[in-house]
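Undergrad: Work out the full structure: start from the sequences and follow the hints.
Each protein sequence line maps, in turn, to chains A and B. Under the working numbering, think of the first position of the first sequence as 177, with each following residue one higher. Under the working numbering, think of the first position of the second sequence as 171, with each following residue one higher.
Rather than coming from a laboratory, the hints here were simulated on the basis of the structure. Among these hints, one or two may not hold up.
[Stated by the list, open to error] Simulated pairs of lysine-lysine, DSBU-like, Cα-Cα distance not exceeding 35 Å:
hint : chain 1 : residue 1 : chain 2 : residue 2
1    : A       : Lys194    : B       : Lys226
2    : A       : Lys195    : B       : Lys226
3    : A       : Lys198    : B       : Lys239
4    : A       : Lys195    : A       : Lys216
5    : B       : Lys280    : A       : Lys195
6    : B       : Lys239    : B       : Lys226
7    : A       : Lys217    : B       : Lys263
8    : A       : Lys228    : B       : Lys226
9    : A       : Lys212    : B       : Lys263
10   : B       : Lys280    : B       : Lys226
11   : A       : Lys228    : A       : Lys198
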Amino acid sequence: ETGVTQTPRHLVMGMTNKKSLKCEQHLGHNAMYWYKQSAKKPLELMFVYNFKEQTENNSVPSRFSPECPNSSHLFLHLHTLQPEDSALYLCASSRQGSENTEAFFGQGTRLTVV
Amino acid sequence: SQQGEEDPQALSIQEGENATMNCSYKTSINNLQWYRQNSGRGLVHLILIRSNEREKHSGRLRVTLDTSKKSSSLLITASRAADTASYFCATRKAAGNKLTFGGGTRVLVKP
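TA: What follows is the structure, encoded as structure tokens:
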């Protein structure tokens with residue numbers, strides 16, 4: 177248990193569905209991240225939020241829409257996804273402002289787009 | 171191109187043997203971190219080494235950093251079957267808050 181909780185753990189959705197992934201941390205961290213992990217590819221950073229403000233969007237398609245209502249919660253809203261979007265989506269948090277700290281990861285949401 | 175690249179991509183050893191994997195990166199860094207991932211689960215932080223450090227130990231783990239060669243190594247001594255996992259290096263640049271991961275090394279420790 178890392179202190180970062182992701183729900184749901186598994187999600188199957190059709191290409192016309194709209195769904196949301198949720199991430200929650202109560203570690204007092206102010207930076208939160210979404211990563212995508214596909215088979216045989218490196219972990220891809222998608223979005224970074226510092227103090228609820230988006231500080232990085234790594235050229236992610238608009239069908240992925242992040243939301244950070246407060247420092248403890250992060251959402252990833254999904255709509256009209258493609259089968260190639262099937263992957264493990266990982267949320268992480270860290271203490272912003274200090275570079276010598278580690279990231280804490282959730283268990284991930286295994287997403288399958290059919 | 172990715173910042174961190176692990177080598178080898180896969181490693182199979184017998185229990186009790188040592189496992190060594192390497193990570194190379196391209197730009198200057200503030201620190202380098204190693205993470206472990208069990209199949210289909212989240213990553214767990216193992217160890218962080220700062221750019222001004224050359225070696226660090228944590229239990230059966232030994233990490234080295236050579237900033238002149240832009241490379242790091244992770245050594246797991248006296249491996250156990252429970253060490254079977256994927257291991258990733260990640261770099262944090264001197265400026266900015268982003269952690270960039272490599273492709274990982276899959277380690278299989280056979281009992």
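Undergrad: So, for every hint listed, does it hold in this structure?
TA: Here is what the structure says about each hint:
1. Using a Cα cut-off of 35 Å, the hinted pair lysine 194(A) and lysine 226(B) is violated, with the two alpha carbons roughly 46 Å apart.
2. Straight-line distance between C-alpha atoms of lysine 195(A) and lysine 226(B) comes to about 43 Å, which puts the hinted pair past the 35 Å bound.
3. About 40 Å separates the Cα atoms of lysine 198(A) and lysine 239(B), which puts this hinted pair outside 35 Å; it is violated.
4. A threshold of 35 Å between alpha carbons decides the hint, and for lysine 195(A) with lysine 216(A) the separation of about 25 Å falls inside it, so the pair holds.
5. Under the criterion of a C-alpha separation no larger than 35 Å, the hint pairing lysine 280(B) with lysine 195(A) is inconsistent with the structure, at around 40 Å.
6. Note on lysine 239(B) and lysine 226(B): the hinted pairing holds, with a Cα-Cα distance of about 17 Å set against a maximum of 35 Å.
7. Distance restraint check for lysine 217(A) and lysine 263(B): the Cα-Cα separation of roughly 21 Å lies within the 35 Å cut-off, and the hinted pair is therefore satisfied.
8. A distance of roughly 34 Å separates the Cα atoms of lysine 228(A) and lysine 226(B); the hinted pair therefore holds under the 35 Å criterion.
9. The suggested pairing of lysine 212(A) with lysine 263(B) holds, with an alpha-carbon distance near 20 Å, which does not exceed 35 Å.
10. Between lysine 280(B) and lysine 226(B) the CA atoms are separated by roughly 26 Å; this keeps the pair inside 35 Å, and the hint holds.
11. Under the criterion of a C-alpha separation no larger than 35 Å, the hint pairing lysine 228(A) with lysine 198(A) is consistent with the structure, at around 15 Å.
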